[in-house]
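K.L.:
Chains as they are written, first to last, in the UniProt record's numbering: chain A, 1 to 340; chain B, 1 to 173.
It should be emphasised that the hints constitute simulated quantities derived from the structure, not laboratory data. Be a bit skeptical, because a hint or two may be false.
Ranges of calculated distance between the beta carbons of each label pair, as one might list FRET restraints [stated by the list, open to error]:
hint, chain 1, residue 1, chain 2, residue 2, range
1, B, K82, A, I225, 30 to 36 Å
2, A, K67, B, R141, 50 to 56 Å
3, A, G107, B, L134, 25 to 31 Å
4, A, S74, B, L134, 39 to 45 Å
5, A, K67, B, L134, 41 to 47 Å
6, B, D78, A, V165, 49 to 55 Å
7, B, R141, A, Q216, 17 to 23 Å
8, A, E260, B, L134, 44 to 50 Å
9, B, D90, A, K156, 52 to 58 Å
Part of the chain B face toward chain A, derived, beta carbon under 7 Å [claimed, not checked]:
hint, residue
10, G85
11, F88
12, D124
13, Q128
All of these numbers come straight from a predicted model, not from anything done at the bench. Quick reminder that beta carbons are idealized off the backbone N, C-alpha and C, glycines included.
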Amino acid sequence: MRDNEKSTNFIIKNRSFSLEGYLCPSIRRLIGNLPNKIKDSIEEIRLRINNPLIIHVNNQDYFITQKGELSLSSKDSFTVTKDNIDNTLQFITNYSIYSVEEELKNGYITVQGGHRVGIVGKVLHNNGVVKTIKDFTGLNIRVAREKIGAASNVLKHIIDNGEFVNTLIVSPPQCGKTTLLRDIIKNLSDGIPSLGLKGNRVGVVDERSEIAACYQGIPQNNLGIRTDVLDACPKAQGMIMLIRAMSPEIIATDEIGRDEDSMAIQEALLAGIKLITTVHGKSLEDIIFKKVIGSLVKEGVFKKIIILSNKQGVGTIEKILDGTTFNDLLEYPLKNKVAG
Amino acid sequence: MMIKLIISLTIIGCSSLIGFIYANAFIDRTKLLGSLLSTLQMLETEILYSATPLPELLKKVAKKSKPEISNILLATSDTLYKKEGLLFADVWEKAVEKETEYTSFTKEDIEILVTLGKNMGISDSKDQIKHIHLTMEEVKRSYEQSIVMQNKNVKLYRNLGILLGITIVIIFF
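Chain B on its own, in the form it takes in the complex (with noise of 0.2 Å):
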């Protein structure tokens, strides 16, 4: 009896457990899309009012991003460093995709950043701002699309979660 009960319990917990890492993907898209938009907000004060060097600029950034974007600006900007003659683009696409692997971004969020790299350094500072406005743009839409799953999604994810757990131990025992 005693050793059902434990079994019972660990699979609602299980369950209920794997539900809520589901739900928190959702919120961590958000959090993160949002901090997205910081992170690109720095990125155009910096190019407007320093006109720093990408590969400087984008660890600088970074030290204010949050730990999955910054990741992304840091691989770039090692990369850059060591001048291997690999085109920014190409450099940026890489890290996009590796550093995002095991991150809440959808396939959309990575394209649109994969897109934002094709044009980051290659015009003048208007036109940069220009990119970088119009990829925050796209930003906000996914981040406002983001918090409708959010709201939707959350609570049944965690609910299916903790109800799941419980039909397998009615169905089971």
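Isolated chain A, as found in the complex (with noise of 0.2 Å):
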């Protein structure tokens, strides 16, 4: 789609194949038949009860018909049934739905590839724990697209003579925050001889499975070879085990935000731990006045903060800044072809 556009040029696994295996039959056909090139670019399929069947490619919404074509309007679209559903289920699950009973209380299950499946349908709950979802009524199929070279256009900012310094990532949801995380935490793991940079042993806390991926354990996602991932653990609790246990010098985590973790990240400033992290927020005035961030940006604990947006497609870097006098190091937005 913006194929001829001139961009940063990417390895993209393609793993959309392997999700057609997760589909029911009669909606595998239908996925299965598109062109190769919008299949390789979906970036959601939602299936909602009674309700068109939804592929999401490149920011824009589309029906397929019961022919199989794409299309702009709900007319004659393929609409999904219970069976859909539970069928397709079936396959997530590996014919095993008790045994994701864990991943269901989250309301999502990581599928081999990295692949993300969010379900909804009717919770079951004790004392305002949920105990499972069952009579599902709707999934959405996040496909994972692991990105190398994402981070390439900023590498160069956040190592200082040959030293990864602290960093925070602001971005909007969808805009490639967790993608570009990612792809640091991978250079910084295997180390960038051009920049000077060793490899460092990171450790990352994967609060919400997402940056790593684990499917029963293992990450789907390439890490970097020194990076030790604690899958699914608060993130408070997660730094500080990791700094007792692994001895990281560099601890990568996701969406900062809550009172304890403050505390963490001063256990690991004090063990003179780097830090990597991300925040939900469009500019700097969005998160200045955030609770525990806030005071951490305003402390200058951050060195680098790198702004999101998808103003030039998903991924662009609006702004990089310094984290002591908070001047924009960028002279103009870098469009960074990488998806969310």
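Hints given; two lone chains; assemble the complex.
P.N.:
In structure tokens, the structure reads:
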């Protein structure tokens, strides 16, 4: 779609083929018959009971007609039935819903290849704690694409004299925040000889199983050779666990924001560990008043602040700020074709 | 005279063998149902404590089950691993029907197995355990019934076989 545009070249591992195997036969046929160009850029497949099947490609919703053609109107579109959802779920859970009970409580399942499937339905709860979901009514299959090279534009800014400096990534949702973080982690872990950076021991606290996308405990995304992942662990505890257990040089997590996170960050800083983390927001002004992250920014903990947007396509690097003077280090926003 | 004797003995031998085969089918069924119970027990434990997904779990349990039962489990697991987009219930039903063709399972036993397959894997572990328990109850009932049938019929069919042989010999010679 944007193929002829000049942008940084990424090696995109195409994993959407493996995704087809998770769909129920009738939907699999529809998706399978789409042109490869579309299939390769699918971002989401949405199944909602008694509603049209929708795929999200390049920031645009498309319906699929009974004949398997893409359409912008919901007329004649393929309607998802309860059977479609139940059957798809069978393939997603490897025929065993009981085996993903813990994940179901969070409302999503990570499958092989790092794709994530969000699930809604009737929730059974007990004293405010979700026990399980049943009578499933909707699925959202988010296609994971590992974009090696997504970080190449920012690496030189966050490495100073062969040393990584504390970095904060600020981004609205769906702007490639996690993708960027992931590629930065990989580079820090492997080392970047051209910038004089040796490989660092990186500890990742992956509370929402998004960074590493673990499937049965095995990271589905390549996070580098010196990376330890604590999967599904609360951030604050995870950071302290990592400090004590794995002696990391860099700790990476996403979406810092709770009070206890601040404590853990202090502890990490005391131990001389470098940090890279992300936060939701559009600009510096957006985050400066947030409780935990705001005070960390004001204290100048983060030496570099990367601000993302989707103004020139997903993953646009809007600004890279110096953490003490808040001056923009970029002359103009960098187009960086990265999908969330 | 000698030939007559040999033929008579062969006839008696054959018919008693047939009697024994019939009788053994009853013993076999009891044994099969008994081991089906322990297979179900294993399934329950695996689902409850290790939450292993079905394709892997069936393979694991198959190793510890009787050949007649493990054939069903393995056939199902193999098909599931191929990921051809078939539903568990269908794969299971086909495997049950194919692999029980030459076993002593009766129609009712097969029906119980097929019903189990319709509920496997589609709900949380609590619900799964319920279904397995229900199946176990039914298998237990068939097992007891099978013992009664066994006691009643084994001697009958064995004797019937021998007597039939002798009768044929007496009539023809």
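K.L.:
Now look at each hint and say whether the structure bears it out.
P.N.:
Quick rundown of the hints versus the structure:
1. Between B:K82 and A:I225 the CB atoms are about 34 Å apart, so this pair conforms to the stated range of 30 to 36 Å.
2. At about 52 Å, the beta-carbon gap between A:K67 and B:R141 stays in the expected band of 50 to 56 Å.
3. A beta carbon spacing of about 30 Å between A:G107 and B:L134 agrees with the range 25 to 31 Å that was offered as a hint.
4. A beta carbon spacing of about 43 Å between A:S74 and B:L134 agrees with the range 39 to 45 Å that was offered as a hint.
5. For A:K67 and B:L134, the hinted distance range of 41 to 47 Å is satisfied, since their beta carbons lie about 44 Å from each other.
6. Separation of B:D78 from A:V165 is about 54 Å and conforms to the stated range, judged on CB atoms against 49 to 55 Å.
7. A hinted range of 17 to 23 Å for the beta carbons of B:R141 and A:Q216 is inconsistent with their spacing of about 38 Å.
8. One distance hint, 44 to 50 Å for the beta-carbon pair A:E260 and B:L134, holds here, with the actual separation near 46 Å.
9. Our hint of 52 to 58 Å for B:D90 and A:K156 holds, since their Cβ atoms are close to 56 Å apart.
10. For B:G85, the interface hint holds, since its Cβ comes within 7 Å of a Cβ in chain A; the closest pair sits about 5 Å apart.
11. A cut of 7 Å between beta carbons decides the hint on B:F88: the least distance to chain A is about 5 Å, and the hint holds.
12. Hint status for B:D124 relative to chain A: holds, with the closest Cβ pair at about 5 Å, below 7 Å.
13. Checking B:Q128 against chain A by beta carbon gives a least distance of about 5 Å; that is within 7 Å, so the hint holds.
Hint violations for this structure: number 7 only, all remaining hints satisfied.
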